[in-house]
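Residue numbers (this note's numbering), protein chains in the order written: chain A, 1 to 116; chain H, 1001 to 1112.
There may be inaccurate statements among the hints.
To be verified - Label pairs and their in silico Cβ distance ranges:
1) A:Lys66 / H:Ser1009: 30 to 36 Å
2) H:Thr1005 / A:Thr17: 38 to 44 Å
3) A:Lys41 / H:Pro1076: 23 to 29 Å
4) H:Pro1040 / A:Pro8: 15 to 21 Å
5) A:Asn70 / H:Gln1042: 22 to 28 Å
6) A:Thr80 / H:Tyr1051: 35 to 41 Å
7) H:Ala1104 / A:Leu68: 37 to 43 Å
8) H:Ser1079 / A:Lys66: 38 to 44 Å
Hints in this document: simulated from the structure, not taken from any laboratory.
Don't be surprised by glycine CBs; every beta carbon is placed ideally from N, CA and C.
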Amino acid sequence: GAVVSQHPSRVICKSGTSVKIECRSLDFQATTMFWYRQFPKQSLMLMATSNEGSKATYEQGVEKDKFLINHASLTLSTLTVTSAHPEDSSFYICSAKTVATNEKLFFGSGTQLSVL
Amino acid sequence: LAKTTQPISMDSYEGQEVNITCSHNNIATNDYITWYQQFPSQGPRFIIQGYKTKVTNEVASLFIPADRKSSTLSLPRVSLSDTAVYYCLVGDWSGGYNKLIFGAGTRLAVHP
Chain A
1 GAVVSQHPSR VICKSGTSVK IECRSLDFQA TTMFWYRQFP KQSLMLMATS
51 NEGSKATYEQ GVEKDKFLIN HASLTLSTLT VTSAHPEDSS FYICSAKTVA
101 TNEKLFFGSG TQLSVL
Chain H
1001 LAKTTQPISM DSYEGQEVNI TCSHNNIATN DYITWYQQFP SQGPRFIIQG
1051 YKTKVTNEVA SLFIPADRKS STLSLPRVSL SDTAVYYCLV GDWSGGYNKL
1101 IFGAGTRLAV HP
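Please model the entire structure based on the sequences and the hints provided.
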């Protein structure tokens, strides 16, 4: 199956700093990428959808100025958590799909963000 | 808003067959049904996808009745390593584009 690489796998940062998470599709072109966050023992919550070359579409309640998403190419999307606070600590997961795969998503391995 | 409903949890024993049913009453004509498996601190992993009738691969089978309002994931002979959360997803076109919303999932515990 297709491979989605997500880095870093774990990051610890101080409150007020910004953190960038990268999501790459290694062997296919991802027309659409999704960003999810997941709290312990809970399901994945969709944060935003990004299409290559256009602005991301954010879900209701997700601050677009806090969670900056860039999808500059067909193989790379980044999520930047700006001015992180302890409540932003969570497991962030990216996924990618192409038109050819219908609703089949390929997921990254996730990034555990801990804000001190 | 998730469009699927699954049991919150299930228990089974090694070697048994496990069937997890998902309800998706409002499935759209173009929607596919996809199942994912997730282990703690990992991203979900694709298991199987189908549109109608039955689909089988090396790890699971997916049964979809004619009305497509539900689907059943069948894991033939589970082992301890199948302990995970299983998610059923259908396509969501409500936003004018295809976004996938996760439901609560089913937490499967396989016992020795």
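Original post:
Can you list which hints this structure breaks, lowest number first?
Top reply: As far as the earlier hints go, only 7 is violated by this structure.
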